[in-house]
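Please model the complete structure; the sequences and the hints are all you need to start from.
Just so we're aligned: 95 in full-length UniProt numbering is position 95 of the sequence shown, and the numbers increase by one with no gaps anywhere.
Heads up, a few of these hints could be off.
Here are the simulated DMTMM-like cross-link-like pairs (lysine to aspartate or glutamate), alpha carbons at most 20 Å apart as the crow flies [as the list claims (entries may be wrong)]:
#: 1; residue 1: K120; residue 2: E137
#: 2; residue 1: K44; residue 2: D30
#: 3; residue 1: K135; residue 2: E88
#: 4; residue 1: K113; residue 2: D103
#: 5; residue 1: K119; residue 2: D103
#: 6; residue 1: K84; residue 2: D103
#: 7; residue 1: K9; residue 2: E37
#: 8; residue 1: K41; residue 2: E53
#: 9; residue 1: K21; residue 2: E37
#: 10; residue 1: K41; residue 2: D25
#: 11; residue 1: K113; residue 2: D129
#: 12; residue 1: K10; residue 2: E53
#: 13; residue 1: K135; residue 2: D117
#: 14; residue 1: K119; residue 2: D101
#: 15; residue 1: K6; residue 2: E37
#: 16; residue 1: K113; residue 2: E75
#: 17; residue 1: K21; residue 2: E40
#: 18; residue 1: K9; residue 2: D25
#: 19; residue 1: K119; residue 2: D129
#: 20; residue 1: K120; residue 2: D72
#: 21; residue 1: K8; residue 2: D25
#: 22; residue 1: K10; residue 2: E40
#: 23; residue 1: K41; residue 2: D72
#: 24; residue 1: K9; residue 2: E54
#: 25; residue 1: K84; residue 2: D101
#: 26; residue 1: K8; residue 2: E53
#: 27; residue 1: K8; residue 2: E18
#: 28; residue 1: K8; residue 2: E40
#: 29; residue 1: K6; residue 2: E40
Hints are computed from structural coordinates only; laboratory data are not their basis. Only a predicted model underlies this, so the values are computations on that prediction, with no experimental measurement involved.
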Amino acid sequence: MPEETKNKKKFPLWMYPETRKLVSDWYERDNCQSQSEFIEKAIKFYCGYISAEEGVRYLPAAITSAMTGMVDGMENRMARLIFKLAVEMSMMMNVLASTADVDEATLRRLRGKCVSDVKKSVGAVTFEDVARFQKGE
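This is how it looks when you write it as C-alpha cells:
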C-alpha cells in the first residue's frame with residue numbers, strides 16, 4: 001500500500017448534487033484514479049490560489065523596492081558617466097577654442113544650429129554629418 005494512502009482518513013463530505021456531478025464528470029479528464037483524488041487535488045489547488053492571492057499583496061511592495069534599488073544604482077552610474085563626459089567635452093572645447101579664431105556671432109549661430117540638429121536627430125548627431133556641414137555639402 002502506498003505511503004500516502006496509509007495516512008488517509010475517511011470523513012463525511014456534504015456537497016450539492018450539481019457539484020457531485022462536476023466531480024464525476026471531470027475526475028477522469030484530469031487523469032485522476034478516483035473522485036477522492038480529484039477532490040483532494042482541487043482542494044490543494046484552491047489553497048495554493050488563496051495563498052498566491054495573499055502573496056500578490058506583498059509582491060508589489062517587493063517589486064517596487066527592487067526596482068527602486070535598480071533605478072537608484074543606474075541613476076548614480078549615469079550621473080558619474082555624464083560627469084566624465086562633461087569633463088572630456090570641456091577639455092576638447094578648451095583645446096579647440098585656443099586654436100580657433102571664431103567670433104561671438106558665429107558661435108551663437110552655430111549653437112542654434114547644433115540645438116536644432118540634436119532635436120531633429122533625437123541626440124544622434126554623427127561626426128560625418130557635422131563634417132559634411134562644415135565642408136558646405
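Results of checking the hints against the structure:
1. K120 / E137: With a Cα-Cα distance of about 18 Å, the restraint between K120 and E137 holds, given a limit of 20 Å.
2. K44 / D30: holds, 14 Å
3. K135 / E88: This hinted pair is violated, its Cα atoms lying about 25 Å apart.
4. K113 / D103: holds, 16 Å
5. K119 / D103: violated, 25 Å
6. K84 / D103: violated, 28 Å
7. K9 / E37: Roughly 13 Å separates the two Cα atoms, so the pair holds.
8. K41 / E53: Judged against 20 Å, a Cα distance of about 18 Å means the pair holds.
9. K21 / E37: OK: K21 and E37 at ~15 Å, within 20 Å.
10. K41 / D25: Holds: K41 and D25 sit about 15 Å apart, inside 20 Å.
11. K113 / D129: Holds: K113 and D129 sit about 12 Å apart, inside 20 Å.
12. K10 / E53: violated, 30 Å
13. K135 / D117: With Cα atoms ~16 Å apart, K135 and D117 stay inside 20 Å; holds.
14. K119 / D101: violated, 27 Å
15. K6 / E37: holds, 14 Å
16. K113 / E75: Violated. K113 to E75 sits at ~30 Å, over the 20 Å cutoff.
17. K21 / E40: holds, 16 Å
18. K9 / D25: violated, 24 Å
19. K119 / D129: holds, 14 Å
20. K120 / D72: violated, 30 Å
21. K8 / D25: violated, 24 Å
22. K10 / E40: holds, 12 Å
23. K41 / D72: Roughly 44 Å separates the two Cα atoms, so the pair is violated.
24. K9 / E54: violated, 29 Å
25. K84 / D101: With Cα atoms ~27 Å apart, K84 and D101 exceed 20 Å; violated.
26. K8 / E53: violated, 28 Å
27. K8 / E18: violated, 26 Å
28. K8 / E40: holds, 11 Å
29. K6 / E40: Holds. K6 to E40 sits at ~15 Å (cutoff 20 Å).
Consistency with the previously given hints fails for numbers 3, 5, 6, 12, 14, 16, 18, 20, 21, 23, 24, 25, 26, 27, ordered from lowest to highest.
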